[in-house]
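Line by line, the protein sequences give chains V and U. Be aware that the first sequence starts at 794, since it is given in the numbering used here, and climbs by one per residue. Be aware that the second sequence starts at 25, since it is given in the numbering used here, and climbs by one per residue.
Mixed in with the good hints, there may be bad ones.
Quick list of in silico lysine-lysine cross-link-like pairs, DSS-like style, CA-CA up to 25 Å [claimed, not checked]:
| # | chain 1 | residue 1 | chain 2 | residue 2 |
| --- | --- | --- | --- | --- |
| 1 | V | Lys-1325 | U | Lys-863 |
| 2 | U | Lys-863 | V | Lys-1178 |
| 3 | V | Lys-1178 | U | Lys-116 |
Label pairs and their computed distance ranges (CB to CB) [claimed, not checked]:
| # | chain 1 | residue 1 | chain 2 | residue 2 | range |
| --- | --- | --- | --- | --- | --- |
| 4 | U | Val-596 | V | Asn-1347 | 36 to 44 Å |
| 5 | U | Val-596 | V | Phe-1147 | 53 to 61 Å |
| 6 | U | Ser-858 | V | Ser-1017 | 38 to 46 Å |
| 7 | U | Ser-858 | V | Asp-1116 | 46 to 54 Å |
| 8 | U | Gly-333 | V | Phe-1147 | 36 to 44 Å |
| 9 | U | Asp-861 | V | Ser-1327 | 49 to 57 Å |
| 10 | U | Gly-340 | V | Thr-1057 | 50 to 58 Å |
| 11 | V | Thr-1057 | U | Val-596 | 50 to 58 Å |
| 12 | U | Asn-601 | V | Asn-988 | 29 to 37 Å |
To be clear, the hints were calculated from the coordinates, so they are not data collected in a lab. Beta carbons: idealized from backbone N, C-alpha and C, even for Gly.
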Amino acid sequence: MKSYRNLLKIGILVPGLILGFGCTKLDQQLGNTLSPSQAATTISAALLLQGAYNDLAGSFQGQDQVFSLEENSTDESLVPTRAGDWDDNGVWRVVHNHTWTADHSQVLNVFNSLNKINFDATNVLSFSPTAEQAAEARFLRAMALYYLLDLYGQFPIRNPGDNLLNPPTVQTGAAASSFIISELNAVIPVLSASNGTTHATPDAAKVLLMHALLQRGAWATPASPTFADADMLQVISLGQSIMSSGKYSYNKDYFANFNVTNSTSPELILAYPNTSGAAVAGGIPNSSPQGRWMMTLHYNSYGHPGQGIYTNAGWNGFSTISDFYNSFNPNQATAPFVYGPADTLADTRMGGRFRADNTPYSGLRPGLLVGQQYDEKGAVRYDRKGNLLAFQPDISPDMKETGSNLEITGIRGVKYVPDFSKADGTYYNTNSGNWLVLMRYPDVVLMVAEAKMRSTSATDNAGALALVNGLRAARGAAPFTSMTLAPASNIVDDKAAPNTLIGERGRELWWESYRRTDLIRFGLFNTIWQYKPSDAPKYLVFPIPTQALASNPNLKQNTGY
Amino acid sequence: MGFQTGIKSSLRKASGFLSKNALKTFMIIGLGLSSVSAFAQTKQITGKVTDAKDGSAIFGATVTASGGATKQATQTSADGTFTLNAPVSSTKLTITYVGYDKQELTIGSKTNFSVSLVSNAQDLNAVVVTGYGGAKKKDLTGAVTSLTPRDFNQGTISTPSGLLQGKVAGLEVTASNGQPGAANLVQLRGNSSVFTGSDPLYVIDGIPLDGRSVRVGFSTPFGGSTGSDPLIYVNTNDIGQVDIQKDASSTAIYGSRGSNGVIQYTFKKATPGTTRVDANATFGITAGLMKKYDILSHDQFVSALGKYGVSGQNYGGNYDATKQIQAHGVSQSYNLAFSGGSDLGNFRASFLGSKQNGLLLKDYLEKYVGTLRGNYKFLDQKLTVDFSLIVANVNQSLAPIANNPGSQGNIISAALSWNPTRRFDSAGAYIIPANGSGNPIAFSDATSDIANSTNIVGSIAASYKILKNLEYKFVYGANHSVYGENYNVAGWLGGFNGISGQGYGAILNSVLNSQDITHTLDYKTNFGKINLEVLAGFDYYRTQLNANIVTGTGFNFNLNQANRVPILYTSVIQNANSQTPAQAFVEPVTEIQSEFARVNLSYASKYYLTGTIRADGSNKFGSNNNTGVFPSGAFKWVLKQEDFLKDSKFISNLELRASYGTTGNSSFSAGSAQSQFSYPSFNAANQSVVGNPDLKWEKTKQTDIGLNFSLLEGKIYGTFDYYHKNTSQTLTQEPVIQPGPSGVFYTNLNDNLINSGIELGIGVSIISKPNISWDINGNVAYNHNIIKNYINPLTGLPIQFITGTVDGQGVSGSLAQEITNNLPLDEWYLKHFSGFDAKGNQIVSANPSVAGDPNPHTIAGLGTTFRYKQLTAQLNFGAQFNYLIYNNTATNITNLAGISNGRNVDLNAYNSAESANDGVQVSDRFLESGNYVKLRNASLSYSVGNVGQYIKGLKVFVNGNNLFVITKYSGFDPEVNTNKSANSVPSRSLEYLPYPTPRTFSLGLGFSL
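Generate coordinates for the entire structure from the input sequences, incorporating the hints supplied.
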């Protein structure tokens, strides 16, 4: 009996103890983050909007992001495997020869980074934005959706405040392009024209809208693009409103659009700002623009091995093909790489000229590099195997370099000019100050010229030719006497007499992430070019990444994948 | 005066070389004792108790005289001697000591006894620590392995987990690399969690720990830092007992933290009796690599230059970089422990000062640890107060090793690829070759990575006997750890983008705080043959880890090797031209509030039943799942007690166990259930986490069927277990459904992660005689792991996570493992290599396929102790079988392409048909069998005995660790696990530039005062 009594005592004591000592309320207080309710009272739409702007670096800076899918998949760029370098599980080669699959890492990473902009911009709309803030957010979202639709043929979209555990709806086809176009039309009157080049302006929205209108028919039927006359007329009127604003003009120095002082270029419409030597400036993280030259330059392209400090100038990867190089018609003059500072005979967009902000420090003459490279004193440079550092135009047919010349094959493209703005003339190999160019004036002019040629009711080939020749004159290139949209059967402009609009877009906008979209619109993307056989129409859009497909039942895999 | 002669002779026996003066002192003590005993009807019995194994004195053994009018008992003093005034009618002398066989002697007319006790690994009365209590081994129903110091690995071992390596069936301890104090992979019965921690719960003296190291990993310009063991601060000399709880019945009392098993560390306590001092000192050296990495020797390199037609790379010298990066400093360790007191109040205090030099230059681990334990009884022994306190300072200098550097930025990569014909410096200046290898000596010289942590773990417990059978206990425990790390790379170091000419400094600080409060009531009673124990309690636990980091580059000094000052950048971080904004991380506080109960019922020592239940409320769980309930039950049948076995001479004990229960794992990141917004930088904000209000613990149902046996009077003993663990509602990080914040969110799936296997532990006492003994004990465990129903609930498609990052030049973004339905965790997923084409290029399939299992299936350990008189030799072997390692080092660092640039290369590649211009490719070519047998440690000790007047139980010893390994693996050590997780999906069995495993030797001595 006694035992039972004791048991009874336990029965009373235990709950007593628990009541006495227990029952802390189990609500988790967050540490350095805010709950949605805290965010609602503390975080302003302005901060979220800047967060979305900062996302642009993620999608548009890296050489393995949008840049790779838009450029390496074309005749402008490729990355051959160089023995121990740049195989990276074959990701670069399959982009160039159009054999990618839904498991490709870049296909996934681009999808996710664009959707981050999509999401962060949408979130602004939940935080009582001003009309201007809402318009900027909708612009950023439209920009992300434009690239998603262009690359993947569809995009997922959420309403502000949606439960993120539920799969979002997906827009595709005409509805998708109409949505982007209507969003841009809606924000153009609201956006402030005084936003500068680092934020959305009416002009930036107009440029994106022009792209969307030009591409609408290519999105609908990528294998045989169509061009609605109304769209073309709108492209022309949008473009002319920008051209007649007087805000923009051609920069005499083409590469000053991409050097460390490019923020002042009169061609700039939209850019991501960077500050030399600063990991973060004004809350905006540096986007690491140095990657754009390091991806292509050789290890020994500059640096001072003799002085104990040996800097890796580059990673020795990205190259262009000789057919693309030849579309600049280098034979108009003597070999371009020996040009002097006063040379005016050829297309300046090939570079190869002396630049005061580079050549005295490194010997480098930015642009398309072919042939022997020199140091700052004019002495020849060597590769790591002891060969002369003389870039060779030809690449191994399978894009796997295995010869003793494997470090020097491929013409290199230094479009962003290395940042030697340090006081002692050395170089910012991290946190360089070049702004990332997202939209540039010549693209507007070329789009207007294209729309003039494509319009059925207001065809104006002469006007288009005049616009293109205006640009060519600014670049030191001989004028065309006539111009067609694209070469008849081949992607390559006639070396002796290049005179196509697609060729001109390539020469002006090379390595600016437009080429794939352009080639599709001009019906050339499935044709043959160097190191790439002809391919199936399914490659006109990228596959939906396997991971995304597995998490959202509303996404449907693109035909053929 | 017979007893005096007796003392004299026993003293002489015990210590042949006592000085005359010392002898005199002892005689005076003896006389003093004799005068006290000159009363009543007693006779004085004296003697000495020693360990049969090595003749050392046993301190604190209980000597009881019985059979007479009253029982009389005493305990042996530090030198093992005892004096007992027993009633003259006493007939029997019983000597007992924990861990040794009881001895009974007939007193007769003898008054002096020399007793040697035989240690008994199968002492069924030994107390095993269980959650919130303890039980005698014979009363245990669960699968528990209990180890005491004589079972531990010997020699230079810096972490508690290292002591257990290979000692427990089903417990895998794999060091991530060979650095002193490096993190260990510790897994009981396989990996039962995809994403959350798979480490067991660590409990020190009843206080459950957080389990994370206060050392927070951070990214240097050369990659993520390697981790430290969470118990690095423990003085391994203090550990008196380790209890490893494996099945659901023994871990269910820890509820949502129990599903990976529990390891209970119990520190040494004072033995009530005379005050004593134990001292030991050890000196050690690292004697080089346990195993060399298979790269070209100098001569092979020179002929390789010819074979591949490489010119201009023979510099004419002969230099072995892997030797040059080694340091061979003397490691020292001094440990002093004081203990004393009575049954009513006793204490033990110990102090450790040690410095263990790592194999590599500028790498060491210094530990200063003070440990205090006490036990005091008040109020007629109704109130007991226990306290324990560890205060430790751990200071580390870390060699530049990172988990995921590129082609450069790791001292091992620089050493392996160093051109062996080339000098390291010229005219006092380091040579920085332009071939991408880096200079390992310069790299070591230019980097400084100093880490310091202060760790305090303390607890106080009060228990009060409310009734004879009812005890209330309160325990408060706390752990406060503070960590600071200063990382510097001097700007004069050439060849590194972002560092050369600029310099780099980082200051990292972190704090870990956890607290635990428990109240328990324990009721014990018996009705006839029925024994009943009921335990009920409440537990409140909270923990938080915070960290912050400041980094800077661009300094004005130490930019020129010839002109250096001994000042670190981290001392003048304000000088940095480019200071990255300080980063702070403040974790949400985790709180767990629990109620639990356990009932133990037994009948006639034959049938045992245990039932346990715990309810956990955790603020980590989502708001829709506040509380989890974890029940378990176990049954044991002692067949030996049945009539049909009772008289068996062959079977000394036979017990059948079965248990079943549910435990949980909730070690996901705090805050994951809530949506969160962050400030990534000034003027910017975004949503960073997708919350999931349904988030809950992982649930593991485990069945265990086991057998304990002992044959031939305990000469052969062992345990056998079969288990089946089914983990469901696994916590999975699903990619955020785009559009959303970057990354993943946590969710529970309706899947089944199955670990099943068998474990056998066996011990054989081959010889057991006073002068000679030989024991062998071994264990072997087989585990198989597979994940089933791993399906996305929204789309019905199998979930696939690709992980196992392969790092280095030319393989960016390559991954080697997958976690997907119907495969073992981290299954290799690689392109298939099928030889070389005519040009010497690798032929590799276009797409990856399933390529084997990285999880060791069979883990075995074997230990043997041989003693002849005072000389004892011990060997401990370890082995693992049936798993594959990916050699990322061979893929990227020592690949054949390096020879063209004058880098040293892999021997296997050199011997193959590969061309030197072949590309680098990730494929199953670099998958190697990890099978190995290793002599982990060997020790030889000699018990000198007492020396002089004061020194007692002097023992000298030599140890060797990592003496040899038998393996086909080409890397430094097949026991390797570089952390190569991708997007926080854990990886397994990749090797990439690990800190090599050193062979170490040590010698030392220990004695008592």
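Quick one: which hint numbers does this structure break? Sort them smallest to largest. 3, 4, 5, 7, 9, 11
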